[in-house]
Structure formats: C-alpha cells, structure tokens
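Asks: For reference, the chains in residue letters:
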Amino acid sequence: MTAPAASFADVAFTYPERDGFALAVPSLEIAPSERVACVGHSGCGKTTLINLLSGVLVPQRGEVRVGDVVMSRLSEPERRAQRIRRIGMVFQEFELLDYLSALDNILLPYRLSPATGDMVAARRRSRALASTLGVGHLLNRKPTRLSQGERQRVAVCRALVTQPELVIADEPTGNLDPKNASGVIELLLEHVTTSGAAMLVVTHNHELLKLFDRVIHLDTLNQQSVAEPSP
Amino acid sequence: MIVGPIYLAFMHARSHGVQSVILTLCLLIATALPLTTSMLMSRYDQSLRDRAERTPLVAGSRGSRFDLVLATTHFRQASVVPTTMGFAMDVQDQGLGIAIPMHIRHTARGSVVVGTGYEYTTLRSFEYAEGGWPTGLGACVLGSRVAQKEGLAVGESIFSDQEDLYDISKAPAIRLKIVGVLETTDSPDDDVVFVDISTAWLLDGIVHGHDEAAAIAQDDPSMVLNRQGADTALSGAVIEYQEVEQGALNAYHLHDDPRSLPLTSVLIIPDDQRAETLLKTEINLSKLNQVVSPSRVTDELLAYVVRIKSVIDAVSVAFVATNLMLALLILALSYRMRARERQTMTRIGCAQWTIPCMFAAEFGGLACVGIVLAIALSFAARALAPELMALI
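Quick note, the sequences are listed as chains A and B, same order. So this note's numbering is basically just the index in the first sequence, starting at one, shifted up by 11. So this note's numbering is basically just the index in the second sequence, starting at one, shifted up by 331.
Hint data in this document are derived by calculation from the structure and do not stem from the laboratory. The C-beta atom is built at its ideal place from N, Cα and C for all residues, glycine as well. Errors might be hidden in some of the hints.
[Claimed, not checked] A few chain A positions that, by computed beta-carbon distances, are all more than 10 Å from chain B:
| hint | residue |
| --- | --- |
| 1 | P125 |
| 2 | R162 |
| 3 | H202 |
[Unchecked claim] If we take Cβ atoms under 8 Å as the criterion, some of the chain B residues that face chain A in the derived model are:
| hint | residue |
| --- | --- |
| 4 | L339 |
| 5 | R678 |
| 6 | G680 |
Work out the full structure, taking the sequences as your base and the hints as a guide.
Replies: Structure follows, in structure tokens:
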C-alpha cells in the first residue's frame with residue numbers, strides 16, 4: 012500500500028493565547044495525486060488545518076505527516092525547509108511581490124531558501140511551466156502589469172516550480188466571480204494532476220466541489236470545533 | 332546562500348527608488364556633514380597658522396587687527412583703513428628691518444591684484460614657472476591658479492577690472508603685461524596677480540599717463556579747467572593711457588607727494604628680536620598706526636573659530652541624530668508595511684534568517700552607498716578646498 016501524501020493522526024490544537032477554539036482531527040489522509048476540497052463554515056478551522064499541515068503551526072498532540080516526514084516533530088527551521096521543498100502554496104490573493112518580475116515571483120522559493128536546490132534547473136522549469144500555463148511571454152512583467160487571470164497563472168507556477176508532493180490552496184477563489192473561480196480551480200487541477208502532486212484546496216464555493224476527488228467537511232471532521240477566532 | 336536575500340533587497344530598493352534615495356541621502360548627509368566640516372575647518376586652521384607663522388610683523392593704520400592681518404596674509408579685500416608710503420619709508424629708515432609695502436585694492440578678471448615690492452618674493456621664496464618679477468610699470472606676475480584658470484602665459488596680457496564703468500573720472504582699466512607666472516605654492520599667492528607697487532598706484536589712477544597738457548588744450552580747449560602760470564588743470568574726461576608703452580613711460584606722473592601714496596599695510600621683517608621689540612613699541616605708541624604679530628592674531632582668531640566649531644559640532648550632532656532617526660523611521664515603517672510580504676515568505680517556507688538578511692542587505696547596501704558618496708564628497712571638498720577657503 013502506498014504511503015499517503017499527507018496525514019493527520021489524533022491531532023489536537025488550540026491557540027494558547029485565545030480561549031474558545033480547538034481543532035481535533037482524529038484521522039485524515041490524503042493519497043498521492045488525490046484532489047481534496049475542504050469546506051466548512053467561517054471560523055471552523057480551515058486555515059488552522061492548512062497551517063498545521065504546512066508546519067506553520069504545531070499541534071499540542073498527535074502527528075502531522077507530509078510524505079514520510081513527521082512535520083509536527085521537527086524544529087522550526089526544519090519545518091520551514093520541509094515546507095519549501097515539499098509543499099506548494101497558492102494564496103487567496105496570490106500574494107505576488109510587486110517589485111519582482113513574473114519570472115522572479117515564480118523563482119521566489121529558490122531565492123528564499125537554500126533548501127530548494129539548483130537555480131539553473133529551476134529557471135528552466137519556470138519558463139517551461141509558464142509557457143504551459145500561457146504566461147511564458149509575460150515573464151519580464153511586474154504583477155501590477157498583469158491581469159487577474161495572468162497573476163493566477165503566475166501564482167500556480169510558483170506553487171509548482173519546486174515540484175512539490177503536496178499543493179495547498181487557501182481559498183484561491185475567494186475574491187473571484189464564479190467564472191474566474193472555476194477557471195482557477197480547473198487550472199490548478201489540470202496542472203497539479205500533471206505534476207503528480209496531491210492537492211488540498213480550502214474553498215467556500217460549493218459549486219466547484221464536483222471537480223474534486225473528495226470533499227472534507229471540517230465541521231464534521233473537527234470533533235471539538237467551537238469557533239475559530241477571527242483573524 | 333545569501334545571494335537570494337541580497338537579490339530581493341536589491342530589487343526592492345530599485346523598485347522603491349524614492350524611498351531608497353531619501354534613505355541614502357539621510358545617511359549621506361549624516362556622514363558627509365561632520366566629515367567635510369571637520370576636514371575643511373582643520374585645513375582652514377592649518378592654512379591660517381602656516382601663513383601667519385611665515386609672516387613676521389604686519390603694520391598699518393589703527394583698526395581691526397584681524398582685518399589688517401587677513402588683508403595682508405590672505406589678500407582679503409577687507410575695509411582696512413589705508414596707511415601711507417610715508418609710514419613704510421619711516422619704518423625702513425629706522426634701520427631695524429625691511430619694510431615691504433602692500434597694496435591690496437584692485438582686481439583683474441576677478442582675481443585680487445597685489446601691489447608689493449621685490450622683497451616680498453624673497454620673503455615667500457617664490458619660484459617662477461615662467462619669466463620673473465616685473466621691473467617696470469604696467470607689468471604683472473600671475474599666481475599659478477590664476478594662470479591656469481585664465482589660460483594665460485608670459486607675453487600675454489590681462490586687463491584690470493574697472494572700478495566704475497560709468498564714471499569717467501575713475502581710473503580706467505589698465506592692460507597689464509604678463510612677465511612671469513609663479514610655481515604653485517599651495518597658498519593664497521596662487522590666487523592673485525602681483526604687480527610692482529608703482530603699478531598698483533597706476534591702477535588707483537594716482538599715477539597716470541596722458542598726452543601733453545598743451546597738446547590737449549590745443550586740440551580741445553573744453554578739457555582745460557584752469558590755468559595758473561605753467562600749470563594746467565585738465566578735466567576728468569581726458570582719456571588716460573590704458574596700456575604702458577615703453578616709449579611713453581615719460582608721460583606717466585603723479586600729482587601728489589610720494590609719501591602720501593596709499594598702502595593697505597606694511598610687512599616688516601625685523602633684523603632680530605630686539606629690533607622687533609623696538610618696532611612694536613614705537614609704532615604701537617603712535618595713535619595712528621599699529622603693528623601686530625600675525626601668529627598671535629591668528630591664534631586669537633582661531634580661538635573664535637574653535638568656539639564656532641564647537642557650535643557647529645553640536646548642531647552637526649543634532650543633525651546627524653535627526654537624520655539617523657529619520658532613516659530608522661523609514662526602515663521601521665518599511666518593515667511594518669511589508670508585514671504581508673513577510674507573512675507570505677514565511678508561509679512559503681523561507682529560512683529563518685532570510686527576512687532579517689533581506690532587510691539588513693537593503694539597509695546596509697544603501698548605507699554603504701551613502702557612506703561611499705559621503706567620502707567621495709569629502710574628497711571632492713578637499714580637492715576644492717582652496718576655492719572653498721577663498722569663499723570662507
């Protein structure tokens with residue numbers, strides 16, 4: 012049996028400085044190449060879940076694994092190194108850096124950490140990815156000179172350029188109209204599937220759920236869900 | 332792998348040009364101001380002391396001793412009450428030393444014209460790049476920087492600046508023939524035009540040359556103001572010679588007693604300590620004249636400068652502190668404004684040292700640029716020090 016791309020085992024997390032919120036996930040597995048959507052009402056712990064999965068947060072109890080690595084047992088620098096190497100992130104507003112060109116935005120993980128590897132190969136891969144996603148001719152442009160759709164594509168390139176085992180997208184359709192939202196999800200699914208990575212997408216958009224292999228309802232999954240404090 | 336953060340820092344600084352320029356300017360000014368001020372002050376101090384120590388005594392009419400010394404040693408055109416050639420002759424006649432007349436009033440193409448005697452060249456140990464000291468009326472020697480600035484050489488000429496272009500009663504501009512150019516001395520002597528003392532009076536219009544009075548009266552009787560026997564008083568409208576021709580030397584004359592001819596000051600080289608004491612005593616007893624030791628006056632002057640410098644230093648400290656605080660404020664605001672970018676980098680998985688390195692590289696890089704520019708500016712100020720000294 013193949014090891015899961017990511018898993019939670021008996022995980023419990025609370026914010027020490029905030030009362031009233033707890034996330035408990037007894038068991039959750041995401042298989043390699045599996046495309047999973049995570050839904051739930053506002054404040055149920057979706058962002059906490061992906062922060063635990065990516066090692067930004069560490070649970071008080073239980074194990075979080077990405078591939079064969081137990082993220083929850085690693086030190087902060089080790090978790091950062093694993094995150095940048097194994098996980099690709101797509102953010103709600105894409106979070107491209109305005110002062111960098113599209114190419115430099117795609118290569119950002121390589122500028123941020125030596126753990127990511129060879130820059131020459133990454134540059135070649137970036138150009139290939141950008142061409143595949145239809146932004147190959149825009150690599151020298153700054154994000155402010157790109158359309159919303161082009162920025163989405165650049166953000167997807169950045170998430171995939173490190174050839175991650177897992178892609179996490181935190182409400183990537185949050186600010187988009189239905190047509191564009193569908194476009195982003197389809198783009199992500201198509202290219203993540205091609206790369207062979209597993210994918211976890213946090214979304215509020217129920218119309219898109221049919222596109223995924225599996226949907227996790229966090230309200231049901233979280234046995235101790237009370238209410239996540241507003242950020 | 333520090334290249335990544337440095338690259339990001341560089342790209343951010345380049346993209347936020349105005350912020351980077353302000354930050355660099357803050358650091359540039361904070362560094363350049365105290366550095367340049369201190370350097371110029373020390374150069375000013377050294378220049379004044381060196382010159383004063385090489386000038387034994389300065390005598391002149393009573394008035395500001397600072398103006399008298401600065402006019403004589405640094406050729407400042409200060410409002411010094413003039414003394415007379417008679418005073419210089421009297422000092423010389425006492426046989427206690429050498430009296431060198433100094434006349435500092437006129438300019439030629441903006442450079443001060445110094446009228447003096449040959450003894451001055453011995454006192455300053457002049458060496459000539461070309462030519463030598465003028466022996467006659469209407470000739471001059473250029474200081475090295477004047478020659479360089481004006482692109483003039485021996486055999487050419489330079490016009491003195493006319494005092495008042497629209498007043499024909501004033502002395503006309505005189506064409507001075509260049510007979511020598513001095514070697515560089517790195518002193519105020521480089522920035523002036525030297526003439527013999529008689530030429531200085533020619534520039535005053537006291538010594539002058541024109542056609543014979545009888546010929547003028549015959550050609551244009553309206554030029555005659557008065558006749559008394561053989562003497563003829565001519566109008567100020569009579570056109571005087573503007574150039575001293577060898578053949579017309581006899582036409583030059585003066586109407587006053589030579590003892591009354593004006594001088595700015597008299598440089599005195601006493602024979603010995605005793606002679607110096609005697610000269611000081613005798614001249615300073617007079618109600619009209621004074622004699623001072625330039626080194627002592629300079630010490631006094633520099634004591635004021637030191638006081639001013641301490642005020643400038645205090646202002647500089649406040650200014651530097653303000654600039655550094657402004658730079659830190661810009662840095663702190665930039666750090667806060669980039670909170671979202673930092674969060675994104677952290678969520679992507681940047682190494683822990685990446686963000687501090689990125690900010691340090693940006694601030695450090697701009698600081699380096701500011702400091703390098705400040706040092707370059709200070710070197711430029713040092714190179715231009717003589718010109719800046721002249722302004723001071």
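Asks: What hints, given by number in increasing order, does this structure fail?
Replies: The structure breaks only hint 1.
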